[in-house]
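For chain A, the structure is supplied; the task is to place chain B on it using the hints.
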Amino acid sequence: MFNYYLQLAWLSLKRTPVMSLLMLLTLAIGVAAAMTMMTLQHVMSNNPLSGRTDHIYRLQLNSASLDSDIFDSLENGYPKVLSYRTISTLLHAKITTPQAGMFRWSVILNTDDPSQLPSKEVVRVTSHGFFSLFKVPFIHGQVWQPQADSQAQYQVVISQSMNQRLFGGGNNVGKSLYLNNHPYQIVGIVEDFHPQPSVQDLTSGPFDGNVDIYAPLGLNQALIMYPYGQMSCQSNDDRDDSQFTPRQDYDYVLNNRCFWLTYWVELPTAEHKQNFISLLRGYYQQQLKSGFFERPFGYALSTPAQWLKLNKVVSDDTKVITGLAFVFLMICIINTIALLLAKFIKQAPETGIRRALGAHRLAIFSQHLIESALIGILGGLLGIVFSQLGLILVRHLVTPSEAVLIYSDPWTLCLTLLVALLASLLAGAYPAWRISHTRPAYYLKMQ
Amino acid sequence: MFELGPIFRTLLRNKLGALLIIIQTALTFAVVANALFVIQQRQQHIDRPSGIVEQELFVVSAEPIDGGTTPVPQMQRDLQAIRQLPGVIDASFVSSIPMSNSGSSASVNDAAIAQPSQADGVITNLYQADEHSLHTLGLTLIAGRYIQATDITNDSNIPPAIVISRTLADELFGKDVPAVGRQIHISSAKPSTVVGVVAPFFGAYVAPIIKGVLIAPTLYSPYASYYLIRGKANQLDPLMKAVPALLRNLDEARVIRHVQRVTDFKERSYHRDHTMVVLMSCTMLLVTAATACGIVGLTQLWINQRRRQIGVRRALGATKLAIVRYFLVENGLMVFFGLLGGLLLALLFNHIMVQHYQMAALPGRYFLPGAITVILLSQLAATVPVWRATRISPALATRNI
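The listed protein sequences derive, respectively, from chains A and B. For the first sequence, the positions run 25 to 471 when my numbering is used. For the second sequence, the positions run 1270 to 1670 when my numbering is used.
Derived from the structure by calculation, the hints contain no laboratory data. For each residue, glycine too, the CB sits at the ideal point set by N, CA and C. Check each hint, because a few of them may be wrong.
[Claimed, not checked] Mimicking DSSO-like on lysine-lysine, the simulated pairs with C-alpha atoms at most 27 angstroms apart in a straight line are:
id : chain 1 : residue 1 : chain 2 : residue 2
1  : A       : Lys199    : A       : Lys159
2  : A       : Lys333    : A       : Lys343
3  : A       : Lys118    : A       : Lys297
4  : A       : Lys469    : B       : Lys1284
5  : B       : Lys1284   : A       : Lys336
6  : A       : Lys144    : A       : Lys199
7  : B       : Lys1459   : B       : Lys1444
8  : A       : Lys370    : B       : Lys1284
9  : A       : Lys144    : B       : Lys1284
10 : A       : Lys159    : A       : Lys118
11 : A       : Lys343    : A       : Lys297
12 : A       : Lys343    : A       : Lys38
[Claimed, not checked] Derived Cβ-Cβ restraints for the label pairs, each shown as a range:
id : chain 1 : residue 1 : chain 2 : residue 2 : range
13 : B       : Ala1468   : A       : Gly194    : 26 to 36 angstroms
14 : A       : Asn205    : B       : Arg1537   : 47 to 57 angstroms
15 : A       : Pro170    : B       : Asp1389   : 18 to 28 angstroms
16 : B       : His1314   : A       : Leu90     : 24 to 34 angstroms
17 : A       : Pro320    : B       : Ser1550   : 26 to 36 angstroms
18 : B       : His1625   : A       : Gln412    : 26 to 36 angstroms
19 : B       : Glu1272   : A       : Tyr466    : 44 to 54 angstroms
20 : A       : Asp275    : B       : Asp1389   : 51 to 61 angstroms
21 : B       : Ala1383   : A       : Leu90     : 15 to 25 angstroms
22 : A       : Arg189    : B       : Gln1504   : 32 to 42 angstroms
23 : A       : Lys333    : B       : Leu1354   : 23 to 33 angstroms
24 : B       : Arg1537   : A       : Phe26     : 36 to 46 angstroms
25 : A       : Ala383    : B       : Trp1656   : 15 to 25 angstroms
26 : B       : His1620   : A       : Leu386    : 38 to 48 angstroms
Same shape as in the complex, but just chain A (with noise of 0.2 angstroms):
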């Protein structure tokens, strides 16, 4: 019966072109609306480490002073970032797993090729247990060993890509580069690190954290490393500036209460985790009492996509437009049902004669849900053609480095079909059951 449904369906569609298009066009516009702007959503609340790392947390510490709120503080009322007397405490206390302490420094780069322009690059600065945290794999070499991270060891890890772009490619471990005329042995070559958005440091925006460079953490103190992005630091002492050299302005950022840094941690077992937050706390008291730490111990260990969540990568005004895109999905819909109902209703006659001689009302009711649901079909095909529109429209409005990212994948066009499924379902749904309710005695009257 399905297919005699269906050969009837399409009969019907083709007998009222006009209305049928115009049902067609309201579905397929009013899924196309609501359909960008869920891809976007999707797009953007992407977390691009799922599948790969699990059981890694993002530490946040209630390090805020008492007197002040820091307005880059995220919603859960702790600082994004970390001081350097949390993560060296962290990295020296023999944590088995793997861990992450790092910020971000900028730098001229150089080669000894005088082909090459000098260039202003960004460096990630971190401790060894980076790249074996976050998975990502050397080519060629290997990471530096842990001592350089406490002491300044002149080494530095690049992606394919920077090698690509330096040196044409190739096994160039050994080889060096200058950062800030200052000469680094290439001790590994790891594949590109460049997840979208950039989850491992939000620090600067959704996008701007990924690097080509890497070097170890125990140069900071040697180079007097700023960082490159957000650092607050909180003094309640009067200081006059002007009698500190560089070297002692520097201290001063490296034992107070200076916060820039990143720290990610590998705890695969509930055990782990709970070891973790003990040395915490250990450690977070003891802060506490020297005055360090203002407000009483709170911490948060957020995973990849909790992390994400905390730092709205997707806007709240994406969300308020993805609501209005379904505001608009749902007028499309009750337009559907008023049009369904009108073109039921014409039918009526001919329904008449269908019950007259036997019909069931269950047959009637499914002739037309399924006269309903190869609309919908139909407006969804349309209605992917019509987001891909849309999509180009939000391409315009977005940032470069969004825009992208910004893409139907198959999971989102086979939601696209659903949704303009349900949506003639449910605009079918009445003028169905109305129109198999109707007496044939009154619309065989009307031959």
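What follows is chain B alone, placed relative to chain A:
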């Protein structure tokens, strides 16, 4: 005359169709009222005057190859050379690019308060610049004097003589209270004295959470330094090639970048708001268009169903106008109920947006334009099929009695 009774009873008989139009009208009203409000708010935010001549400005950054900062005598030599270029109105050193949302901020307070609390601190933009910045940025001096070459220090402290914007002065000392001669504390031992006040302008930040700008006369910037160059708006392109070439000639061993107009940075800072305005406008238009189409369709359906009634009425002497009036009143009645429901919906939508999405509460004055839009829209939409209804010939319509 308005035949409200018969119309109302007819609607009761056609409950579904009437309900569909009422729901559509309600949703449209809710969307239009809220969307108009958000659009107006965002556009106001974008249209705030900047206080500087951003169409005539571009920046260049020149960093030495060893990653350090350019020594002060070299900076002065660079800026002198740039000012000699034909077409350059003025050039100045600045620590951050205007309206780029990237810069340095600090909490400052009135030095006269002995024990300042958190509420006394004002978060402001720390903007390091030289004495040419008044003319380069196109600022307006409204009290006291601007910074001079003799005020310029070159260390990391905030200099003893500073200039602040009127916005910061209002926050620290009170609205329109004279600020020249007063002292400000900026987390270092010695407070600084305000020697001049300028009209409000945007420094590095456009966000309203940062109040005003504190201009510090120094050629030292711990994070970044830029040369800000002012030329005629239509002559910026050749200057944007000439200045980097000049700088490269003066000193090969550096990286020249960020050669961009200040308007580019302004656009990027307002980018999210602009996107919101465009998408909201599109959605509002789509919603009103969909409702209009729906009303046209349903009204046409009813007219088709009541051909006979219309024919009978016309045969009995009703004028064309009476028929039109009948249907418009029917439409108006539905719109009335729709607006009632829409009012509740608009408040509900707004409540959700305020609770979860940090939007502002909808003020009552947006209901009126929303209501007028919806009424006009539905009446116009209904007029289209109704006008054709009046041309139904009574003789043909009553044929099948």
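Taking the hints in turn, this is what the structure says about them:
no.: 1; hint: A:Lys199 / A:Lys159; result: holds (25 angstroms)
no.: 2; hint: A:Lys333 / A:Lys343; result: holds (13 angstroms)
no.: 3; hint: A:Lys118 / A:Lys297; result: holds (14 angstroms)
no.: 4; hint: A:Lys469 / B:Lys1284; result: holds (25 angstroms)
no.: 5; hint: B:Lys1284 / A:Lys336; result: violated (45 angstroms)
no.: 6; hint: A:Lys144 / A:Lys199; result: holds (20 angstroms)
no.: 7; hint: B:Lys1459 / B:Lys1444; result: holds (25 angstroms)
no.: 8; hint: A:Lys370 / B:Lys1284; result: holds (19 angstroms)
no.: 9; hint: A:Lys144 / B:Lys1284; result: violated (69 angstroms)
no.: 10; hint: A:Lys159 / A:Lys118; result: holds (20 angstroms)
no.: 11; hint: A:Lys343 / A:Lys297; result: violated (34 angstroms)
no.: 12; hint: A:Lys343 / A:Lys38; result: violated (39 angstroms)
no.: 13; hint: B:Ala1468 / A:Gly194: 26 to 36 angstroms; result: violated (59 angstroms)
no.: 14; hint: A:Asn205 / B:Arg1537: 47 to 57 angstroms; result: violated (31 angstroms)
no.: 15; hint: A:Pro170 / B:Asp1389: 18 to 28 angstroms; result: violated (47 angstroms)
no.: 16; hint: B:His1314 / A:Leu90: 24 to 34 angstroms; result: holds (33 angstroms)
no.: 17; hint: A:Pro320 / B:Ser1550: 26 to 36 angstroms; result: violated (48 angstroms)
no.: 18; hint: B:His1625 / A:Gln412: 26 to 36 angstroms; result: holds (30 angstroms)
no.: 19; hint: B:Glu1272 / A:Tyr466: 44 to 54 angstroms; result: violated (28 angstroms)
no.: 20; hint: A:Asp275 / B:Asp1389: 51 to 61 angstroms; result: violated (30 angstroms)
no.: 21; hint: B:Ala1383 / A:Leu90: 15 to 25 angstroms; result: holds (20 angstroms)
no.: 22; hint: A:Arg189 / B:Gln1504: 32 to 42 angstroms; result: holds (36 angstroms)
no.: 23; hint: A:Lys333 / B:Leu1354: 23 to 33 angstroms; result: violated (51 angstroms)
no.: 24; hint: B:Arg1537 / A:Phe26: 36 to 46 angstroms; result: violated (55 angstroms)
no.: 25; hint: A:Ala383 / B:Trp1656: 15 to 25 angstroms; result: violated (41 angstroms)
no.: 26; hint: B:His1620 / A:Leu386: 38 to 48 angstroms; result: holds (43 angstroms)
In the structure shown, a violation is registered for the earlier hints numbered 5, 9, 11, 12, 13, 14, 15, 17, 19, 20, 23, 24, 25, in ascending order.
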